[in-house]
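**Student:** Its first residue numbered 1, the sequence shown is counted upward by one per residue in the working numbering.
Think of the hints as simulated: they come from the structure by calculation, not from any bench. This structure is a prediction, so every number in the text was calculated from the model and none was measured. Do not rely on the hints blindly, as some may be mistaken.
What the hints assert, rightly or not - Pairs of lysine to any residue residues, derived as SDA-like cross-links and limited to a Cα-Cα distance of at most 25 Å, are as follows:
id, residue 1, residue 2
1, LYS686, ASP135
2, LYS389, LYS423
3, LYS714, LEU734
4, LYS835, MET691
5, LYS98, LYS33
6, LYS386, ILE466
7, LYS658, LYS551
8, LYS14, ALA67
9, LYS665, MET632
10, LYS423, SER516
11, LYS724, THR329
12, LYS617, ARG322
13, LYS835, ARG817
14, LYS714, ILE698
15, LYS160, LYS214
16, LYS214, LYS714
17, LYS551, SER516
18, LYS33, ALA51
19, LYS533, ASN553
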Amino acid sequence: MATTSCSSRKPETKDLELIDVVFSWSVDDVLNKNLYRDKVIRIPETFSSTADYTKSFIDPLLEETHAELLSTMELISRASTREILSVSRKIKDDKSSKYYFYSMELKTTSRNENYEPEVGDLIALTYGKPRFAHDLSRANESPYVIALVQWVDEVNEAIKIISSNPILFSRKESNKGGKSMFFAVHLMNMTTNTRIWKALHSRLDGKNMKIINKVLHSDSKGTERCSHCCNKDNNSSDLKEVMSTLNLNASQQRAVLSCITARECHHQESVNLIWGPPGTGKTKTVGCLLFTLWKMRCRTLTCAPTNSAVKEVAARLVSLVRSALDNGTYGVGDIVLYGNNERMKIDGSHELNQVFLEHRISVLASCLSPTYGWRSNAESMIHLLKYPKDEYDSYLNTEKKENDENRNDEKRMIKSFSEFITKRFNVLEENLTTAVRNLYTHMPTSFVTLELAKKMMKVISLIQSIGTLVPGNDGIQNILEGADNSKKKTMTLTKIQVMRKEFLRVLDQVLCQTVSFPKFRDEQAIRNFCLEKACLIFCTVSSSIRLHTLKTNIELLVIDEAAQLKECESLIPLQLAGLRDVILIGDEKQLPATVQSKICMKAELGRSLFQRLVMLKHTTHLLNIQYRMHPMISLFPNKEFYNKKILDGPNVKERSYKKQFLKGKMFGQYSFIHLAQGEVEFDETKSKKNMVEVAVVIELVTKLHKESITKNQKISVGCITPYKAQVLAIQGKLGDLYGTREAVESKFSVNVRTVDGFQGCEEDVIIISTVTGKRNGSIGFLSTPQRANVALTRARHCLWILGNGDTLMRSSPIWKRLVTDAKARCCFHEGNKDKTLDQVITNNLIKHGNLSKRMAEMSLVKEVGLISSSSSKAPS
Numbered sequence: 001m002a003t004t005s006c007s008s009r010k011p012e013t014k015d016l017e018l019i020d021v022v023f024s025w026s027v028d029d030v031l032n033k034n035l036y037r038d039k040v041i042r043i044p045e046t047f048s049s050t051a052d053y054t055k056s057f058i059d060p061l062l063e064e065t066h067a068e069l070l071s072t073m074e075l076i077s078r079a080s081t082r083e084i085l086s087v088s089r090k091i092k093d094d095k096s097s098k099y100y101f102y103s104m105e106l107k108t109t110s111r112n113e114n115y116e117p118e119v120g121d122l123i124a125l126t127y128g129k130p131r132f133a134h135d136l137s138r139a140n141e142s143p144y145v146i147a148l149v150q151w152v153d154e155v156n157e158a159i160k161i162i163s164s165n166p167i168l169f170s171r172k173e174s175n176k177g178g179k180s181m182f183f184a185v186h187l188m189n190m191t192t193n194t195r196i197w198k199a200l201h202s203r204l205d206g207k208n209m210k211i212i213n214k215v216l217h218s219d220s221k222g223t224e225r226c227s228h229c230c231n232k233d234n235n236s237s238d239l240k241e242v243m244s245t246l247n248l249n250a251s252q253q254r255a256v257l258s259c260i261t262a263r264e265c266h267h268q269e270s271v272n273l274i275w276g277p278p279g280t281g282k283t284k285t286v287g288c289l290l291f292t293l294w295k296m297r298c299r300t301l302t303c304a305p306t307n308s309a310v311k312e313v314a315a316r317l318v319s320l321v322r323s324a325l326d327n328g329t330y331g332v333g334d335i336v337l338y339g340n341n342e343r344m345k346i347d348g349s350h351e352l353n354q355v356f357l358e359h360r361i362s363v364l365a366s367c368l369s370p371t372y373g374w375r376s377n378a379e380s381m382i383h384l385l386k387y388p389k390d391e392y393d394s395y396l397n398t399e400k401k402e403n404d405e406n407r408n409d410e411k412r413m414i415k416s417f418s419e420f421i422t423k424r425f426n427v428l429e430e431n432l433t434t435a436v437r438n439l440y441t442h443m444p445t446s447f448v449t450l451e452l453a454k455k456m457m458k459v460i461s462l463i464q465s466i467g468t469l470v471p472g473n474d475g476i477q478n479i480l481e482g483a484d485n486s487k488k489k490t491m492t493l494t495k496i497q498v499m500r501k502e503f504l505r506v507l508d509q510v511l512c513q514t515v516s517f518p519k520f521r522d523e524q525a526i527r528n529f530c531l532e533k534a535c536l537i538f539c540t541v542s543s544s545i546r547l548h549t550l551k552t553n554i555e556l557l558v559i560d561e562a563a564q565l566k567e568c569e570s571l572i573p574l575q576l577a578g579l580r581d582v583i584l585i586g587d588e589k590q591l592p593a594t595v596q597s598k599i600c601m602k603a604e605l606g607r608s609l610f611q612r613l614v615m616l617k618h619t620t621h622l623l624n625i626q627y628r629m630h631p632m633i634s635l636f637p638n639k640e641f642y643n644k645k646i647l648d649g650p651n652v653k654e655r656s657y658k659k660q661f662l663k664g665k666m667f668g669q670y671s672f673i674h675l676a677q678g679e680v681e682f683d684e685t686k687s688k689k690n691m692v693e694v695a696v697v698i699e700l701v702t703k704l705h706k707e708s709i710t711k712n713q714k715i716s717v718g719c720i721t722p723y724k725a726q727v728l729a730i731q732g733k734l735g736d737l738y739g740t741r742e743a744v745e746s747k748f749s750v751n752v753r754t755v756d757g758f759q760g761c762e763e764d765v766i767i768i769s770t771v772t773g774k775r776n777g778s779i780g781f782l783s784t785p786q787r788a789n790v791a792l793t794r795a796r797h798c799l800w801i802l803g804n805g806d807t808l809m810r811s812s813p814i815w816k817r818l819v820t821d822a823k824a825r826c827c828f829h830e831g832n833k834d835k836t837l838d839q840v841i842t843n844n845l846i847k848h849g850n851l852s853k854r855m856a857e858m859s860l861v862k863e864v865g866l867i868s869s870s871s872s873k874a875p876s
């Protein structure tokens with residue numbers, strides 16, 4: 001494809017969808033790394049207009065989409081696949097459509113074909129599994145079609161797709177005999193990029209540009225109060241009273257109060273930034289901020305870039321709310337968390353499950369069902385208590401009819417009056433109690449008032465009391481009919497009859513007051529109702545696009561982990577109708593958004609709105625006390641990344657916080673362990689690993705595990721490394737020996753991840769494997785300040801860094817300063833000075849053929865003590 005000149009760098013995309021552009025690419029276009037090189041320019045820091053702002057992201061988004069697709073095409077032989085059994089054309093009424101619509105039946109997943117389709121997947125449809133990308137373009141041998149998944153039927157294993165070209169499907173004879181197979185080959189998911197594209201082209205229903213105008217450039221109006229409100233008395237005294245119960249430090253309180261004060265001004269929009277360095281209680285601060293907004297009944301959307309980040313802040317808020325509820329679970333219905341259940345993995349958390357949208361839809365659908373819902377059970381209970389004889393007669397007639405119709409079968413036993421009434425009462429009691437409790441729990445408070453909720457609770461209390469006081473089968477008939485006047489039962493019977501009367505009265509009142517409950521057509525109507533009436537909503541930034549179609553406004557937007565989000569993606573929630581105030585919480589010194597394209601990296605596509613506003617000197621509220629790291633660990637990152645602005649909390653300075661899990665100065669609170677002998681290797685994906693570092697990591701984890709068992713001590717260990725190959729190598733060696741995060745009962749856990757996967761996590765002991773060799777002069781990803789910062793700030797009590805100090809000194813200014821600092825603080829240690837580690841290193845070198853036979857013999861001689869330790873050295 002020919003490149004365009006800079007003067008015509010802006011493609012006309014106004015009337016195009018992102019999939020239109022992707023469908024236009026040929027295989028050669030996709031494999032052309034320079035396809036958009038001359039079209040992408042650096043995204044500026046300030047913008048002259050909203051049009052200029054949105055257009056600046058379009059070409060970088062196209063390039064990033066292209067780079068993601070190129071990455072999968074280069075490794076297409078490893079792509080997930082699924083055999084297609086049948087293809088049927090779906091006729092559309094819209095004759096102007098340029099696409100072809102198909103339904104496809106998929107073969108059941110197997111070991112070799114395990115692709116699970118999702119809406120938004122871009123797939124290649126082809127005969128045979130491609131080994132290389134160019135296999136797709138060999139039309140005579142293996143014709144292909146690129147398609148987009150629009151709908152998935154998991155039950156019937158079918159999908160609906162659109163394609164730019166017709167699919168000529170037939171199970172034709174192959175050259176080797178038999179029928180040739182037709183496959184769907186997974187390439188990438190387009191959902192997030194498609195949503196960003198819509199936001200950039202003003203195709204979102206909110207169409208609110210007020211906040212966009214606010215962030216085109218930074219000025220003091222972003223956080224200062226307007227002249228109308230600066231002298232007006234507000235609720236700050238009430239807010240301080242609320243926050244006094246939340247145990248916030250001074251910087252956390254200032255941040256929350258400033259954001260709430262800005263929200264109370266109705267004359268201008270505001271954008272507030274809360275800067276939360278590692279361990280400074282950012283999640284706690286956000287939780288308390290949201291708790292305050294919940295108290296104020298401020299309709300708020302809270303987003304984050306990832307499901308895990310959304311779950312974390314939602315869990316903190318729900319915990320605060322539940323502890324503050326005065327009336328059971330009443331009020332929980334004002335909180336909604338939504339997203340993909342499989343990705344969010346909500347099932348493990350009861351508290352989050354209560355506010356998860358899909359669970360709430362199921363519960364409300366059951367509660368409000370006209371046939372088996374709460375009203376039906378209430379009316380049945382009323383009828384049972386008022387007319388027990390009629391209920392029993394109806395039961396007898398039914399049973400006799402059944403027995404008459406089944407003369408040749410064994411006849412069913414006829415229950416006595418007492419047996420029938422008792423069983424019927426117990427069933428209705430359970431159904432009614434569950435339904436009523438679910439109703440006041442999951443309905444928003446705007447539909448279930450506190451007065452009505454208390455009556456519902458009284459219904460439950462009365463019915464449970466009646467059930468408790470029922471003396472047994474012999475007396476239940478007399479209890480219901482009020483005929484037994486024996487002295488032994490008079491008091492109990494009188495109490496039950498009073499309760500029965502009160503119960504019927506309250507239940508009648510509740511039934512009368514619930515006539516305004518909505519009648520839903522389907523689950524989609526319940527979904528919209530829950531989202532429209534909720535006070536606090538949680539979802540990922542990308543998923544917030546669903547809120548644009550609702551008939552309601554969001555007042556305030558909170559974006560957690562905002563520095564880890566592409567600015568163009570933040571445009572999705574920023575355009576929500578009614579939005580007036582935005583609070584961004586993050587730390588631009590930690591990981592930015594992931595960007596695949598090197599061209600886009602240079603163009604600053606990964607830069608967040610948070611980072612850009614900080615660069616423009618927008619006012620930020622710094623959380624300045626860290627409660628995670630021992631002072632020995634926090635010293636270097638505080639000096640290197642935060643200009644010594646962060647103070648150590650009182651908890652980390654206590655003597656008890658200093659923990660020595662293993663003996664020796666090398667294994668203190670902070671240690672750099674120099675490993676001179678390791679070699680860097682590459683796996684088939686060109687990812688790096690160092691097997692000497694792997695061996696040392698395994699040895700350290702093994703020792704920690706033994707220590708945990710011996711002393712019955714709880715220890716959590718995190719292994720951080722910049723490369724996936726090293727993660728896999730460590731995980732492969734560990735196997736299932738030391739449990740996982742899910743092993744709750746175990747006092748020992750190991751968490752092995754890349755640096756990117758560890759943001760937001762913390763462990764007692766962190767072991768960093770830098771994957772450096774004696775002849776390798778680069779540490780790649782780990783050389784960036786943000787990744788170094790994340791890796792160095794995850795530990796609570798001990799941080800041990802493994803690597804070749806000489807290589808690190810040469811490869812990165814940050815790591816040169818770190819090694820120099822470690823030496824100055826006497827925290828730099830030669831790995832082979834520890835006898836156990838020396839033997840582990842030597843054994844690993846022998847195993848991988850990196851040690852001569854002579855050196856191996858010397859090591860063995862040394863091991864049995866045949867030569868003095870002073871005359872032997874570890875190989876260099």
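**Student:** Now look at each hint and say whether the structure bears it out.
**Tutor:** Taking the hints in turn, this is what the structure says about them:
1. LYS686 <-> ASP135: 22 Å, holds
2. LYS389 <-> LYS423: 14 Å, holds
3. LYS714 <-> LEU734: Given that 25 Å is the threshold and the Cα spacing comes to 19 Å, the pair holds.
4. LYS835 <-> MET691: 18 Å, holds
5. LYS98 <-> LYS33: Roughly 28 Å separates the two Cα atoms, so the pair is violated.
6. LYS386 <-> ILE466: The hint holds at about 14 Å.
7. LYS658 <-> LYS551: 55 Å, violated
8. LYS14 <-> ALA67: 22 Å, holds
9. LYS665 <-> MET632: 13 Å, holds
10. LYS423 <-> SER516: 32 Å, violated
11. LYS724 <-> THR329: Violated: LYS724 and THR329 sit about 44 Å apart, past 25 Å.
12. LYS617 <-> ARG322: 38 Å, violated
13. LYS835 <-> ARG817: 28 Å, violated
14. LYS714 <-> ILE698: Satisfied, since the Cα-Cα distance of roughly 18 Å is no more than 25 Å.
15. LYS160 <-> LYS214: 41 Å, violated
16. LYS214 <-> LYS714: 49 Å, violated
17. LYS551 <-> SER516: With Cα atoms ~19 Å apart, LYS551 and SER516 stay inside 25 Å; holds.
18. LYS33 <-> ALA51: With a Cα-Cα distance of about 28 Å, the restraint between LYS33 and ALA51 is violated, given a limit of 25 Å.
19. LYS533 <-> ASN553: 10 Å, holds
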